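Colleague: Just so you know, the protein sequences line up as chains P and E, in that order.
The first sequence begins at 0 in numbering that gives the first Met the number 0 and counts up one residue at a time.
The second sequence begins at 0 in numbering that gives the first Met the number 0 and counts up one residue at a time.
In short, the hints are calculated from the structure, not lab data.
This structure is a prediction, so every number in the text was calculated from the model and none was measured.
Note that beta-carbon positions come from the ideal geometry of N, C-alpha and C, so glycine has one too.
Across the chosen pairs, the derived CB separations fall in these ranges:
hint	chain 1	residue 1	chain 2	residue 2	range
1	P	181	E	385	30 to 36 Å
2	E	95	P	284	54 to 60 Å
3	P	388	E	95	49 to 55 Å
4	E	27	P	381	47 to 53 Å
5	E	240	P	381	53 to 59 Å
6	P	184	E	25	21 to 27 Å
7	P	184	E	347	39 to 45 Å
8	E	27	P	224	40 to 46 Å
Where chain P lies over chain E, by a calculated footprint (3+ residues, C-beta under 8 Å):
hint	segment
9	30-42
10	55-63
11	185-195
Okay, here's what each chain looks like letter by letter:
Protein chains: 2
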Amino acid sequence: MSATPHRVVVLGGGFGGLYTVQALVRAPVQLLLVDQRNFHLFQPLLYQVATGMLSPGDIAAPLRSVLAGHRNVTVFQAVAAGVDAQARELIVDGGRIPYDTLVAATGTTQSYFGNERWQDDAPSMKTVEDALDVRRRIFSAFEIAELDPVQAERDGWLQFVVIGAGPTGVEMAGALAELARGTLRNDFRRIDPSKARIMLVEGSARVLPGFAESLSRKAEARLRKMGVEVRTGTRVTSIQGRRAALKTGEREEVVMAGTVLWAAGVQATPMGKAIAEATGCRLDSMGRVLVEPDLTVPGHPEMFVIGDLANYQDPSGRPIPGMAPAAMQQGLYAARTVMARLKGKTLPPFRYRNKGMLAVIGRNAAVAELGRLKLSGFFAWAIWALVHINYLIEFDSKVLVLLQWAWTYFTRKRSARLITGEGGLMKLIRRGGAPDAAAERGRAAG
Amino acid sequence: MSATPHRVVVLGGGFGGLYTVQALVRAPVQLLLVDQRNFHLFQPLLYQVATGMLSPGDIAAPLRSVLAGHRNVTVFQAVAAGVDAQARELIVDGGRIPYDTLVAATGTTQSYFGNERWQDDAPSMKTVEDALDVRRRIFSAFEIAELDPVQAERDGWLQFVVIGAGPTGVEMAGALAELARGTLRNDFRRIDPSKARIMLVEGSARVLPGFAESLSRKAEARLRKMGVEVRTGTRVTSIQGRRAALKTGEREEVVMAGTVLWAAGVQATPMGKAIAEATGCRLDSMGRVLVEPDLTVPGHPEMFVIGDLANYQDPSGRPIPGMAPAAMQQGLYAARTVMARLKGKTLPPFRYRNKGMLAVIGRNAAVAELGRLKLSGFFAWAIWALVHINYLIEFDSKVLVLLQWAWTYFTRKRSARLITGEGGLMKLIRRGGAPDAAAERGRAAG
Chain P
0 MSATPHRVVV LGGGFGGLYT VQALVRAPVQ LLLVDQRNFH LFQPLLYQVA
50 TGMLSPGDIA APLRSVLAGH RNVTVFQAVA AGVDAQAREL IVDGGRIPYD
100 TLVAATGTTQ SYFGNERWQD DAPSMKTVED ALDVRRRIFS AFEIAELDPV
150 QAERDGWLQF VVIGAGPTGV EMAGALAELA RGTLRNDFRR IDPSKARIML
200 VEGSARVLPG FAESLSRKAE ARLRKMGVEV RTGTRVTSIQ GRRAALKTGE
250 REEVVMAGTV LWAAGVQATP MGKAIAEATG CRLDSMGRVL VEPDLTVPGH
300 PEMFVIGDLA NYQDPSGRPI PGMAPAAMQQ GLYAARTVMA RLKGKTLPPF
350 RYRNKGMLAV IGRNAAVAEL GRLKLSGFFA WAIWALVHIN YLIEFDSKVL
400 VLLQWAWTYF TRKRSARLIT GEGGLMKLIR RGGAPDAAAE RGRAAG
Chain E
0 MSATPHRVVV LGGGFGGLYT VQALVRAPVQ LLLVDQRNFH LFQPLLYQVA
50 TGMLSPGDIA APLRSVLAGH RNVTVFQAVA AGVDAQAREL IVDGGRIPYD
100 TLVAATGTTQ SYFGNERWQD DAPSMKTVED ALDVRRRIFS AFEIAELDPV
150 QAERDGWLQF VVIGAGPTGV EMAGALAELA RGTLRNDFRR IDPSKARIML
200 VEGSARVLPG FAESLSRKAE ARLRKMGVEV RTGTRVTSIQ GRRAALKTGE
250 REEVVMAGTV LWAAGVQATP MGKAIAEATG CRLDSMGRVL VEPDLTVPGH
300 PEMFVIGDLA NYQDPSGRPI PGMAPAAMQQ GLYAARTVMA RLKGKTLPPF
350 RYRNKGMLAV IGRNAAVAEL GRLKLSGFFA WAIWALVHIN YLIEFDSKVL
400 VLLQWAWTYF TRKRSARLIT GEGGLMKLIR RGGAPDAAAE RGRAAG
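Could you build the full structure based on these sequences and the hints that come with them?
Modeller: Below you can see the structure in the form of structure tokens.
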């Protein structure tokens, strides 16, 4: 159309967005990657930050560093506010960015299903800040228990409730069990961390509901062996302070838990709504954009929506899991479509190639569903480790994480278990009741 | 006196406190270590966290993990509010801890010499949170510069002012120069990070005023070669938003700097004042406790004050530098005194053994003063690296840091350059003037 190269603006530097950009770096296009953060995050390993095994730096790759070698790629750290579909401009804080092709890949955020007030007492794990908050809460709970002179209070602080038994919830419950029964075993004098109670709550009938039933059973058995109380068919009816109300069938129960973690649901980021407002497209109940078979917004072939932000109906009829491989495949497809169009060609519709699903439970324990092959135990765990090591090395040569893992594997030590950030122990304790005046004075003086 | 073992309470898990505890683990005493954090911090390497080379987890050792093997050591994470010297009890948030011997080692905090309002615009570097705040500011400055359409604004964001040219200031200025001219060189498209201006401001006549004059000259020459503007004999008269007013002799100048960092001074933590109130002892102008030749508080042989919290007049007349080796020697001395007393013996007064001073400037560049031996350049740097590696391994087998360093040394990559935490870019930009309404909207939507 014009003499300037085709301008591709990619919004979001997650697996989908980064794959789109990387697949286009040698194409005759001008690339702009916009992200509100300056790093790509290996979200599948966030639970290891939350449980003190890795540091945030270990699972993040600076976007600029990943793309430094490609002169046709510009990176902007900016927050997107919306799209002007008519003018073909992305609206960001402080300006407008014109595009010829837009690829929206902002993914999901946590969902509390209308109970957003639970967020303060039951944090979720979508960002680095979330993971550090969860890390602070987990390790603080043990610290507070060691200090508390009242037995019932101590028991409460040693109770952990994980809500949602999808892959993240299962990973968290497993990691908590290993933390309490392994890493921290000899670290306290007045409490016995191995007596910590870890409860995994799931609304549906089995853990890992996205997996085959036989793997759900194996995962549950393994979790129970590790000392996790699995409560399937159980819904949360309220969370307030350190009290969580659970309902199993007609039976109701209130549990006192020092730490409640939310791994129960996600919804599309607000960009989904912004795209709907700009184009009149439809959203599903999770706020995801219903896309065409070529992953574009209906009526807007220049606008792709990929990854978790998109609801794509695969011809197979099976839902596409909200996992990294799906986002990467869609990023690759969007990039190839852009290249094909530049040559006046079109591509057949996107098809998701199911490369399998993995969920890790703990050391030497995972479940893997690879087509018809179903694995559990050590082999599934070895596959999980290889796949994740491969991701890490692909994006930023994170060979050191390997060594960190090897170290943790053999020693069971977790050296990244820092309690950092604002508030500290007192803020957590105060959730439980009235602030202690003496403690307040202590904080002020210290 | 009683049948229960002698109770030693150590307040502070820094170099002084941790050394005291470690020297007593095999003694017939009951040990309690109290710290407001759950980790020991290798403060000498904090500047590497602030400049994106290491993660906080790399330079921290969980106190419980370090001491897990010793059943006579209890660790409490609590904030100390004061001392009841009569009752021999340490007052912490929510309780009192009785002691037979107290060792206070809470160290120093930053001092703005009465200009505490400068803190928001010129953060210092004493805690992990400080270092992460500084990291956020440094990397955000480059991000904002890349986005800003106004040339003068861009130049301002690429200007860094480090106040104070002691070891920390020199390390920071050197690391900033390497960051801008090395690591980030190819990462931006609209700005040239190597054009960043780095200014090191020092009130006295030379950089590293604690070192021999010949080494100060060498350090300054090296800094200049790395592109650092060194301003000695220059005082800061005001810091507000992104403006710092400097005064050299009679000449006054206002510099626009996106990032101002404070490395100019320290003062004793509030525990010094609390001890003075409890015992009537004297404090020096920095708030440090003037201790007896055996490091105890006058009239209170059961109360030791060690490390940076103490002002100890060495018989040699030379001041003891506020560095890890001095704190460690004092911790060892306090521990030995406790053991000697249990056997009815006394020790000769504490004497500081000057093992030398080190300051690192950058890759292959440091200065070392080892008695009469004065080294600079690669050999000083190699000594610096060995000494710090030794510390790291001694406390927590941090062999991985070594590999991280080796990696950074050869590739000049810094993978821990995450911009995390509350606020982000907008908070920093807003310091410069009125908030941008469009930007505000962007944040709310994103």
